[in-house]
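Chemist: Residues per chain are reported as follows:
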Amino acid sequence: MIKAEHVRYAYRGAKEVLKDLNMSESAGHCLALLGNNGAGKSTFLKCINRILSRQGGVISVSEQDVKALSRGEIARTMAYVEQHTGVSRLTVYDTVLLGRKPHMRFGPGREDYRIVDEAIARLSLQEFQLRYVDELSGGELQKVVLARALAQQPKVLLLDEPTASLDLYNQHEVMRNVSEIAKADRLLAVVVIHDLNLALQYCDRFMLIHDGFTYRYGDASVITEESIREVYRVPASILTVKGRPFVVVDTGIAEGEEIHGA
Amino acid sequence: MDREPVLSGKEYRSFIREKKLFLLGLALATVAVFILSIALGSSNLPLGKVLAALAGRAEGKEKIIVSNLRLPRSATAVVVGVGLGIVGCVMQGVLRNPLASSGTVGVSQGASFGAAFAIIVLGGGAMSSNTAGATLSVINPALVSTCAFLGAISCTVVVVILAQLSRSNPGTLILAGVALSNLFGAATTLMQYFADDVKVAAVVYWTFGNLGSTFWKDIAIMAAAVVIALVFFWLNSWNYNAMQSGEDTAKGLGVNTRQITIWSMAVGALTAAVIVSFIGIINFVGLIAPHLVRRFVGTDYRYLIPASGLAGACLLLLSDTFARIVVAPIVLPVGAITSALGAPLFLWIVFKGGIRRK
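Quick mapping for you: the protein sequence lines, in order, are chains A and B.
Going by this note's numbering, 184 is the number at position 184 of the first sequence; the sequence numbering is gapless.
Going by this note's numbering, 16 is the number at position 16 of the second sequence; the sequence numbering is gapless.
Hints in this document: simulated from the structure, not taken from any laboratory.
Glycine is no exception: its CB is placed at the ideal position from the N, C-alpha and C atoms.
None of the hints are false.
Here's a subset of chain A near chain B, in silico, CB distances under 7 Å, partners left out:
#: 1; residue: Arg71
#: 2; residue: Gly72
#: 3; residue: Glu82
#: 4; residue: Gly86
#: 5; residue: Ser88
#: 6; residue: Tyr93
#: 7; residue: Pro102
For reference, chain A alone in the conformation it holds in the complex:
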């Protein structure tokens, strides 16, 4: 589905952010992009759908180099959800209808309305559909942009920190939706995320980016005490809570003291 080899990128006049990123992922998975601030997670996400143009290496989607695709073709294959989406005086329905933009010629048709209705129902937004998006809460807005992404009928969902600044309930609500959609629609979801436990709970593939390189890549077994210490520079313990791995950062815990799994 998505394959990246030796990807490099540098912002104008700055040093290289991405030095050598490699990955290959198939549909039906939820991949977490992990790493500290400035590691290049968002940059990599933007390189995948060519918002930024990579300067070295290859990124391909379904065996096609993204550089060979038009912007419209990319938008019909991949949906991108920005970290801070701009809010405008558009209704929820119009915002989701924007997801049909890459598919329509001059305006929406019957089929577009059907797909939008479906996306709205899927994220339970019916009662909001005629509200203006600049009046919504953060959690509601995140669901609206997720519905817009679904209306694009993509094969790949690219999400940049979809849970940032959401409350506990909405963090889980959004991630539950993303992982269910990835499985049900056989999509590949690529999620930039900072909360390791949220990632461990909803994602099945993990890529740790460190200093512009792919540091570890694979299933949950790549999240180890050692890799966390190396990437995030914090001591951490991985416990087993209710049968799932659970990361506890050890900073502040007096030496010799131990936390035991519940």
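Following the hints, put chain B in place on chain A, whose structure we already have.
Modeler: Then chain B, alone, in the frame of chain A:
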């Protein structure tokens, strides 16, 4: 995940119907104001005679007043109002700035410079006097219009080139427009400093904006430019809708933001340049018309663009009528009236919280 049968956009369509009704209401209001503007003036005409004259069934004085004086003037106001309204609306959208209008990219100052150059250096203007007192007139309007157009276009070309270089960052574009406006303003001032007072007066008079000096041929040229711009903008309305959510999101939705920005700026500035070169500077209409209707139709550009155009036409018709009747038979400069009426209206919108940043 269960998929229940859903209403096929039914609620949404009834919501859209409300916006269409608003547009229809605005169009009817424009027609009403248009007829009113023909009826009112230094000599008022009864409504029945106006309608008869419009239908071509009037005789004598009424026929001359309507078809030679007021109809071309009001038609000019409609074309100019629509043009400035839609250009302001789209400029505010692509530059993501609520204060943008055609003046932001230097069209007004560029045109003023061109007009001043034609009048002062090429000798296209003069002063004449008649029984009503001294009046200023431009003796070679075609020359002045052409130079004003070239001035506006050269300013726009520089801004568009800067847009290319700056990767169409909206903030940079606005700053570039301000810098260029000042440059052209300075050049105009210097030219005026060395010119004689008759020519300076002619330049100043030109910048007032005058809806009464156009012929049907001029109106047709302006209308053609406005119609082309309207079609271009309207076909891009979904792109503008997408661009409101930010540049990266718009790109993710398949919008080539750079191209859309540059083309929209170019079409908008060109349209404004055509208008300004025929009638001079008219402030505030392009700025305020989109804000007036945004409260009612939101920022859905499919409706915001035509609504801004109609609001612009209404505003300009009202301002011009006011300018003609308030101290009749003296006609006040319409540019001053749009600003005088626009400023309090603008403040009212600001303090009602109607202006949103995006």
